[in-house]
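Since chain B is already given, all that's left is putting chain D on it; use the hints.
There are 2 protein chains.
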Amino acid sequence: MSTSAAAAEVVITGSDQVIVIGVAVVALIALVIAFVLRAGVLAAGTGTPKMQEISAAVQEGAAAYLARQFRTLGIFVVIVFVLLFALPATTTGERIGRSIAFLFGAAFSASIGYFGMWLATRANVRVAAAANGDGGREKAMQIGFRTGGAVGLATTGLGLLGASIVVLVYVGDAPKVLEGFGFGAAMLAMFMRVGGGIFTKAADVGADLVGKVEQGIPEDDPRNAATIADNVGDNVGDCAGMAADLFESYAVTLVASLILGSAAFGTKGLVFPLIIPTIGVITAIIGIYITKAKPGEPGLVTINRSFYISAAISAGLSAVASFVYLPTNFADLGIDSVRDVSGNPALMAIISVLIGIVLAAVILWLTGYFTGTETKPTKDVAKASLTGAATVVLGGISVGFESAVYTALVIAGAVYGAFLLSTTLIVALFMIALAGCGLLTTVGVIVAMDTFGPVSDNAQGVAEMSGEVSEEGAKILTELDAVGNTTKAITKGIAIATAVLAATALFGSYSDAITGALISAGDAAGLAAGSLSSFVTSVVSPGTLVGMLLGACVVFLFSGLAINAVSRAAGAVVYEVRRQFREIPGIMEGTNKPEYGKVVDIVTRDSLRELATPGLLAVFAPIAVGFGLGVGPLAGYLAGTIATGTLMAVFLANSGGAWDNAKKIVEDGTHGGKGSPAHEATVIGDTVGDPFKDTAGPAINPLLKVMNLVALLIAPAIVALSVGDSASAGIRYGISALAVVIIVTAVVVSKRRESSLHADQPQATA
Amino acid sequence: MSTSAAAAEVVITGSDQVIVIGVAVVALIALVIAFVLRAGVLAAGTGTPKMQEISAAVQEGAAAYLARQFRTLGIFVVIVFVLLFALPATTTGERIGRSIAFLFGAAFSASIGYFGMWLATRANVRVAAAANGDGGREKAMQIGFRTGGAVGLATTGLGLLGASIVVLVYVGDAPKVLEGFGFGAAMLAMFMRVGGGIFTKAADVGADLVGKVEQGIPEDDPRNAATIADNVGDNVGDCAGMAADLFESYAVTLVASLILGSAAFGTKGLVFPLIIPTIGVITAIIGIYITKAKPGEPGLVTINRSFYISAAISAGLSAVASFVYLPTNFADLGIDSVRDVSGNPALMAIISVLIGIVLAAVILWLTGYFTGTETKPTKDVAKASLTGAATVVLGGISVGFESAVYTALVIAGAVYGAFLLSTTLIVALFMIALAGCGLLTTVGVIVAMDTFGPVSDNAQGVAEMSGEVSEEGAKILTELDAVGNTTKAITKGIAIATAVLAATALFGSYSDAITGALISAGDAAGLAAGSLSSFVTSVVSPGTLVGMLLGACVVFLFSGLAINAVSRAAGAVVYEVRRQFREIPGIMEGTNKPEYGKVVDIVTRDSLRELATPGLLAVFAPIAVGFGLGVGPLAGYLAGTIATGTLMAVFLANSGGAWDNAKKIVEDGTHGGKGSPAHEATVIGDTVGDPFKDTAGPAINPLLKVMNLVALLIAPAIVALSVGDSASAGIRYGISALAVVIIVTAVVVSKRRESSLHADQPQATA
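Chains as they are written, first to last, in the UniProt record's numbering: chain B, 1 to 766; chain D, 1 to 766.
If we strip away everything but chain B, and leave its shape as in the complex, we get:
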C-alpha cells in the first residue's frame, strides 16, 4: 500500500470536477445561511440598558482576550511554518502547498473561534431579554440554538470550502497538502482550547471561592469583581475554543479520509469523502430550522429531536449518494492496486457512513444518560450529597469511569466494525475514515447544540447581574443552562470519537510514510521494507511498549498541567478580588463598583502564560520520542496516547458534567436545596469538576490530533536519519535532546510559578 503509487492514477475531470465544484458551492451556501442566521440573532431585542451594559463589558473582555491570544499564537505559527517548510517533501510544490495550507488551516480555525465568540457575546443578552418576557422560553431557546446554528454552519462551510479548493487545485497531491491544513487547524484549536479552558475555569473557580465560599454572595453577583471575567470565560473557552476544536475535528477527519480514499479508491475516493459531509451540511440546515421548543417539553428533548431527524435524513441521502456515485465492484473503480479486492464498494461505503452516524447517536444517548438531570447516575451523585462531599466526589468519579468505558467500547466497536468490512488493509482503513465522515455529517447540529451551553450560561449571568429579570425568566434560564451542561458533554464525546477514528485512520498513513521512506532511503539492511515496518511497530517489542507507556504519560501530564494551571490562575483571581474588597470601600454595600477589567486583565495574562507548557508538550513530545527512540516507539507512543486519551477525555468530561448537574438538582430544591449541607457538598463536587470538564478533558481531543499529525509529518525525516551514517544519528539524537530540553524547561518554569492559591495571604474577611 502506497499513496504515492496510487496518487499517479488520480485525475479529476468531467462529472467529478462538477461534483467537487458543487461541494464548494454548498459550502458557500452554508456560509451565506450562517450569515442569515447571524442577522436573525442580532435582530432580536437586546433587553434593558443595564443588561446591555453588562453584555458590552463581556464583549469587550472577550475580544481583548482573543486579540492578545492571537498575537501570542502568531509567533508560534510563524515558527512552525518555518519548521514545516524545512521538513522533507517529495516535490517543491508539495512543500510550498503544505506550508501555505498550514497557514490557512490555522487562520480558518482562529476565524471560526473568533466568530463563535463574537456572536455568542451578542446572543447572551438577547436570550436573557427573550426569557425575561421579550418572546418567552421558545424565543430564548430559538435564539440560543440559532446562534449555535450560525457557528455550526460556518464551521462546516469553511472546512468543506478549504478541502474542496485544495482538491481542485492539487488533485493527487491534495492529501499531502491537506496534512498541513489539518495540522494548522488542530494546532491552533489546541492552543485555543487550552488557553480558553484555563481562562474560563480560573475565572469561574476564583469567583466562586471568594464570592460563594468566603463572602456568601450568590454566583454572578455584581459585587464580585470576577463576575465579568467569569462570563468572558464562558465565551473564550466554551465558544471560541470549542468552535475551533470542532473545526479541526472536521478538517482532520477529512484529511484522513482523502489520504486513504485516494489510495484505496483513486479519484472516487478523493471525491466521495467530500460528498458525505456536504450532505451533512444540508441536513444541518434542516435541523437548525426545524428546532422549535414545544411548551412543557424539556429542552434536551427538543434538541435531541432535531439531531435524530437530521441524522436520519443524512443516513438516507448518504445511501443514495453511495449507490449513485460508487460502483458495486472494485474492478470498476479503475485503479490497479485494488482491482482484485472482493466485495461491493458502494455497500461497504454506506455501511461505514452509517456506523459513523449511529456512533454519534449512541454517544449522544450515553452522555445524556450519564450527565442529564433526569437520569439515574446524576441523581445518584446528587443523593450522595446526603453523606457529604467525599461521597459526591467518589460518585462523580465512578460515573466518569463508567461512562468513559462504555463510550470507549462503543468507539472501539465502530472502529472494529468498519475495519472488518474488508480484508484488504488500505480499504479497511478507508472504511474507518468514512465512518469518521459519517460522524461529520452531525457536526453542524452538534456545534449548534454545544454553543447553546455557554450562551444560556451567559444569559443567566447577564440576567443575574442586571438584577432585572423576573422569577419566571430566571427559571427558564436555569433550565436552559442545565440543558447546556449536557449538550456540552455530548459534544466532547463526539469530538473524542472523531479523534479516535481520524487517528486510527491516520495510523495507516503513518505506516505508509515509514514504508515509503524506507524504500526511498534504499535501506541496505537487506530486509524488505514492508516486513521491517511491521517488525519495528510490533506491539510486543519492548521499544513499542516503552513508547506506549510514554504516550500514556503525556496524557496524564497534560491533564495534570492543565488542572494545575487553573489552580494557579484562580489563585491570582482570589487575591485580586480580596484586594478590591479590602481597598475599594462600598463594594459590599453596592455604593461602589468593583474594577471588573482588572480581573479580566489578570486572567488574560495568566492563561496565555499558562497555555505554553501544555502546548509545547503536545508539539515536542512526539518529536522527542520519534527522533530519540525511532519510528516503532513513536507508533507505540501514538497508540498509547489514543488508548489512554480516549478514556481520560470522556472520564474528565462526564464526571464534570455529572457534578455540575448534580448541583443543579440540589439547587432545584432536592435534598435540602440551596444553602443546605447537601448543596455545599455538591458545590465542592462542581468545583472539582470545573477544570476536569472545561480545561483538561476537552483539550485532549485536539492534543491527540496534533500529536498524530506531527508524527505523520516527521516520520520521513526520522527514517531518513535512522538509515544514514553516524552524523545523521547525531542529528537525530540532537533534535530529540533539544525537544526534551524544551519540554523539561517548560515544565520546570511552570512549576516554579508557586501556586498563589496556596500562598499565605490575608483573607478579605476575618
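Worth double-checking, as some hints may not be accurate.
Note: identical chains are not told apart, hence a pair may lie in one copy or across any two.
[Unchecked claim] The calculated SDA-like cross-link candidates involving lysine to any residue, where the alpha carbons are at most 20 Å apart (straight line), are: (1) Lys751 <-> Leu409; (2) Lys212 <-> Pro677; (3) Lys212 <-> Glu680; (4) Lys376 <-> Val748; (5) Lys379 <-> Arg752.
Bear in mind the hints are in silico, worked out from the structure with no lab data behind them.
Same frame as chain B, but now just chain D:
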C-alpha cells in the same frame, strides 16, 4: 526465538545442581529466620488486659474473614484448575505439572497472606504496649519492623523455595510449569487484594461517615460499632492482601526470568535468575537486623537507611556473582542460538540487575517525596485546605497525576535501558527480566516496610480504643502511622514496577507462544510464521489499536468497580451502625457496648460478594478479547492494560497517600489543627483517597499479571482455533461470547445492588 528449541539444550548437573540446591537451602534458612523473628515479636509485652481484649477481637474478626474468603476462593481455584488442565500442552507431564504448580502457587500465596495477617494482628497490641512505656519508641518501631521482616522473609523464602524445587524437578520444562505457579499466585493475590481492599475501606469509610461526620466522635472511638471492623480491615487488606501481592510479584518475575533465561542463556539462564534473589534474601536479613531507630530521627529516615544499605550490599554481591558465574562472551554459554551474539553476558547481566536495584531506590525516593509529611507536594495539599475541600481534592489529584508520570518515566527508562543492552531480541528480553530480578532483591525489606503501615495503624487503633495510652505514647503511634502511609505508597510503586518489567518480559514469551503455535499448526497461508506474528501484532493495525482501547477500558472499569464496591459496602456499615445507635440504649453514654461482631460479619459478607465482579473481569476479559478478536488484538489489549494500568495504579496510590498525610499535617496543628475547617477539608480528601489507595490502586498490579498470564496460557489454543476450519471458528467465537456473557452478567448484577449508601434511610440523629 523459540523456548522449546532452547529447552532441549538445558541440563542441570554438577556445580549448577549444587547452586540450585544452595538456593533452596538459603530459602529454608530465610523461613527459619522468619520463624525466629516471629518468636521475637510474640515475646514482647502485650499491654493491659483491655488492650489484649481489643486485639483479640481484631484477631478473631480477621481470622474469620480469611477463613470465609479461602472457602469462597477455593471454588474458583478448583474451576480454574480444571480449565487449566484442559488447555493445550506440549506433553502430559507439562500439563500435570502446570496444574499442580497452579495449586501450589495459589496455596503459597494464601499461606503468606494468612501468615502476614496472623502476625500483624498479634504485633499491633505489642507495638501499642511498647509505645505506651514498655520499651518506648525504639522498641515500638523494632517490633513493627520485625513483624514485617518475618513476613518479608517468609514471602521471599517461599517464592525461592517453590521456584528452586520446580527447576530441580522439571529442568528444561520448568518455565512452562512455573507459568502455572505464577498464575496461581497472581490469581489468589488479586482476589485477596480486591476482597481485602474492599473490606478495609468499606469499614474505614463507613466508620468515619457515621462516627466522625454524623456523631462527631473521634476515630477508633469504642462507641462506634464499626471500629473493630476498621481495624480488622487494616490486617486483611494491607497485611494479608499486600503480602500475597508481593509474593506473586516475586513469583511472576521469577517465572518471566526463567522462561527467558533458559531461552537466551541455556542452563546458566535458568540458574542465574535464582542466584540474584537469593542474594536479596541474605541482604534482607541484614537489613532487618540493622534497622534501629535513633532518638530524634524521623522513622522514615531509619527505614530508608536500612533499605539503602541492603540495596548497596545486594548490588555488590550481584556484581561478584555475575562475573563468577557467567562467562564474558556468548560463545562460552554453550548454546547454539546465541553463539554469535556480540557483547559480554556477565557485564550485561550485572548492568541489568543494577538497573533494577536503582529503579527500586528511585521509586522509593520519588514516592517518599510525593507522599511524605515533610515534603512540598503533600504540604501544598495540606495548605490547599485553607481554600476548602475542592482545592484539597484537586491538589491531591495533581500530585497523583504528576507522580504517576515521573514513576512511569523511570520505569520506562529502566525497561528501555535494559532493552538497549543487546540487539538480539531474546537476550534483550532476558535483560529486562533480570532488571526485574534486581528489583526483587529489595522485596524482603520492602515487605518489612509495608507491613509497618497496618501494624502501626492498628496499634494506634488499639491504643485509642483502650483509652489507656499516655499522651507521649499516642504521639509516637501517630508518627509511626504517618511513616506507614508513606511506606505503603512506596510498596505500591515497587509492586507496579515489577508488574511492568515482568509483563514486558512475558510479552516476549507471548510472541514466542504465538509463533510456536503457528508453526505447529502448519499454517497454510503461505506466510512465514515469524512475519505473520509481527504483522498481526503491528501496533498500527486497527485490530491491535482496538485491543489497546479495550485494555485501557478494563483498567478504568476495574478501578470504577472497586471504588463502587467500597461505596456500597460502606453504605451497609453506615446503616448497621446507625441501627445500633438507635436500638441499643446507652452506647453514646458508654454504659453499653455496641455489637462489633455484627459489623465485621456484614463487611465480610459484602466484600466477598463484591470481589466477584472485578475478579471475573480480570480472568475473562483477556479470554473474550483473545478468542473473539485474535492474538494480535490480545497483544494490543495487554499492552493497553500495562500502559494505562501503570499510570492509573500510581496515580491512585500516590494521590491517596498525599491526602492521608495532608490530613495528618493538619491534625498535627498546622492550618488550624483538629476541628478546624481546614481539618474538615482534609478529612474529605482522605475519604476520597481511601478507596483509591487501598482498594483500586493496589489491585491493578496483580490484575496486570493475571491478565498477562491468562493470555500466555490461552495463546496456543487461540492460534490453533484460528487456523482451523469453520467448526473451530465456531468454538472460538463461542468461548468469547461465553466470556462476554459472564462479564456482562457480573457487571449487571453488581450494578443492581443499589448503593445502600444512597438509599433513603433514617439518620441516627435528627
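Checked against the structure, which of the hints given earlier come out wrong?
none
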